[in-house]
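Protein chains in written order, with my numbering: chain W, 1 to 261; chain V, 262 to 369.
The set of hints was computed from the structure by calculation and includes no laboratory data.
Since the model is a prediction, treat every value here as computed from it, not as a measurement.
Cβ atoms here follow ideal geometry from the backbone N, Cα and C, with glycine treated the same way.
Be aware that one or more of the hints could be misleading.
Stated by the list, open to error - Pairs of lysine-lysine, DSS-like flavour, derived with a Cα cap of 27 Å:
| hint | chain 1 | residue 1 | chain 2 | residue 2 |
| --- | --- | --- | --- | --- |
| 1 | V | K341 | W | K147 |
| 2 | W | K136 | W | K101 |
| 3 | V | K362 | V | K341 |
| 4 | V | K308 | V | K362 |
| 5 | W | K131 | W | K168 |
| 6 | W | K147 | V | K362 |
Unchecked claim - Now the in silico label distances, taken between C-beta atoms and shown as ranges:
| hint | chain 1 | residue 1 | chain 2 | residue 2 | range |
| --- | --- | --- | --- | --- | --- |
| 7 | V | R344 | W | P31 | 27 to 35 Å |
| 8 | W | K206 | V | G339 | 38 to 46 Å |
| 9 | V | G291 | W | T222 | 21 to 29 Å |
| 10 | W | D44 | V | D305 | 39 to 47 Å |
| 11 | V | T311 | W | K230 | 47 to 55 Å |
| 12 | W | E180 | V | I304 | 28 to 36 Å |
| 13 | V | L284 | W | I158 | 31 to 39 Å |
| 14 | W | G76 | V | N269 | 38 to 46 Å |
| 15 | V | Q289 | W | P57 | 16 to 24 Å |
| 16 | W | K136 | V | G339 | 43 to 51 Å |
| 17 | V | S309 | W | T81 | 45 to 53 Å |
| 18 | W | K168 | V | G339 | 48 to 56 Å |
| 19 | V | G339 | W | S197 | 32 to 40 Å |
Unchecked claim - Covered by chain V, according to a simulated footprint, are these stretches of chain W (three or more residues, beta-carbon under 8 Å):
| hint | segment |
| --- | --- |
| 20 | 41-54 |
| 21 | 60-67 |
| 22 | 81-88 |
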Amino acid sequence: MQQIVVYTIIKLQLSVNNPVLPTIMNTVLHPAATRGHANHGWLDSHHTFSFAHYYDPERVQFGALRVLNDDIVDGGKGFGTHPHDNMEIISIPLSGDLEHKDSMGNVAVIRQNDVQIMSAGTGIYHSEYNKNPDQKVNFLQIWVYPKVRNVVPRYDQITFDPQARLNKLQQIVSPSSTDEGVMIHQDAWFHLGKFTSGFSATYDIKKAGNGVYAFVIEGNITIQGQKLGKRDGWGIWNVDQLRLSADSDSEVLLMEVPMNG
Amino acid sequence: MNSQERINILVIGRHPEIMETVLRLIHQQGWRAAGVLTDADAIDAFKSHTFDLVLMGGGVEEQSETQLRQQFERMHPGIKVIRHYGGGSGLLFAEVREALKISHNQIN
Numbered sequence: 001m002q003q004i005v006v007y008t009i010i011k012l013q014l015s016v017n018n019p020v021l022p023t024i025m026n027t028v029l030h031p032a033a034t035r036g037h038a039n040h041g042w043l044d045s046h047h048t049f050s051f052a053h054y055y056d057p058e059r060v061q062f063g064a065l066r067v068l069n070d071d072i073v074d075g076g077k078g079f080g081t082h083p084h085d086n087m088e089i090i091s092i093p094l095s096g097d098l099e100h101k102d103s104m105g106n107v108a109v110i111r112q113n114d115v116q117i118m119s120a121g122t123g124i125y126h127s128e129y130n131k132n133p134d135q136k137v138n139f140l141q142i143w144v145y146p147k148v149r150n151v152v153p154r155y156d157q158i159t160f161d162p163q164a165r166l167n168k169l170q171q172i173v174s175p176s177s178t179d180e181g182v183m184i185h186q187d188a189w190f191h192l193g194k195f196t197s198g199f200s201a202t203y204d205i206k207k208a209g210n211g212v213y214a215f216v217i218e219g220n221i222t223i224q225g226q227k228l229g230k231r232d233g234w235g236i237w238n239v240d241q242l243r244l245s246a247d248s249d250s251e252v253l254l255m256e257v258p259m260n261g
Numbered sequence: 262m263n264s265q266e267r268i269n270i271l272v273i274g275r276h277p278e279i280m281e282t283v284l285r286l287i288h289q290q291g292w293r294a295a296g297v298l299t300d301a302d303a304i305d306a307f308k309s310h311t312f313d314l315v316l317m318g319g320g321v322e323e324q325s326e327t328q329l330r331q332q333f334e335r336m337h338p339g340i341k342v343i344r345h346y347g348g349g350s351g352l353l354f355a356e357v358r359e360a361l362k363i364s365h366n367q368i369n
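Taking the hints into account, I'd like the entire structure generated from these sequences.
Here it is, written out as structure tokens:
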């Protein structure tokens with residue numbers, strides 16, 4: 001599979017000890033069409049990173065971000081009970097309803113505008129099924145390596161106001177339980193933005209050294225000069241701030257994660 | 262002998278049900294695996310069998326992991342010990358491939 005890595009010198013820092021110290025901005029582009037694809041009939045899945053029988057040693061993870069699956073599940077079908085441990089699992093439904101059951105006794109349905117997180121920690125079982133028998137569900141499943149191993153398993157979900165992301169970046173995941181978004185056991189922040197054509201925004205990196213992986217849910221958007229289309233993925237690190245501009249009505253997910261994950 | 266016959270994996274975990282699932286997935290792939298739930302059994306298994314890879318997961322404590330890694334390294338220098346993160350078969354194959362750097366053609 002194709003992977004494009006671009007190295008660009010973005011600025012020169014001058015100091016007494018380092019007269020010329022270049023800061024290298026690194027990027028990686030994963031066009032939508034280069035994702036791994038598995039169609040099991042009831043499940044049509046695109047994998048941005050190596051998953052199941054899709055394996056590309058150049059596309060295993062982006063820092064602590066290990067899995068980004070774009071799943072479409074047929075009505076009434078789903079993933080039977082299976083175990084997880086030591087992983088932060090975020091589910092973002094894009095359309096349809098997804099029913100979750102786990103070994104902690106949680107039974108919940110998540111739908112568009114909900115974000116669900118499960119900290120697998122020491123170990124958990126869960127199942128995920130399309131709640132509706134006659135409608136597909138499309139959701140993003142995202143796995144992030146945790147900052148700390150063997151935490152007590154936990155589950156949470158929040159319903160977000162879609163108006164609050166219109167021409168704004170809405171924080172949906174953060175490492176603090178007192179901050180906006182579902183809490184994650186990692187120095188990671190996720191934001192959703194729904195932009196009208198021509199709108200521009202900036203994103204400030206929350207923690208020095210982190211990178212940002214952008215995934216375009218809808219439309220066309222340019223980030224730091226990189227043009228992206230629907231379902232394209234693009235990662236960038238060694239920057240302090242990102243500049244985004246919508247080339248059409250668009251929706252984007254920004255995932256800031258540690259690069260040493 | 263093909264590559265599938267050559268791969269022997271020791272799986273260390275704490276949850277019998279998770280262990281059962283992981284072993285089933287490994288066997289489905291055609292690899293061989295032994296699963297243990299305690300550190301003592303892990304050492305015994307490592308002494309009595311030759312493994313290409315150790316999968317550490319399912320709630321193994323940090324201290325146990327460190328001690329086991331040191332003992333395995335002493336007994337079999339260079340042995341690959343990796344963390345397994347569950348999730349059905351989602352990560353298992355990539356983890357094994359990454360650890361052993363097996364080419365796609367060798368496995369499929």
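> Looking back at the numbered hints, which does the structure fail to meet, lowest number first?
Replying inline: 5, 9, 12, 17, 19
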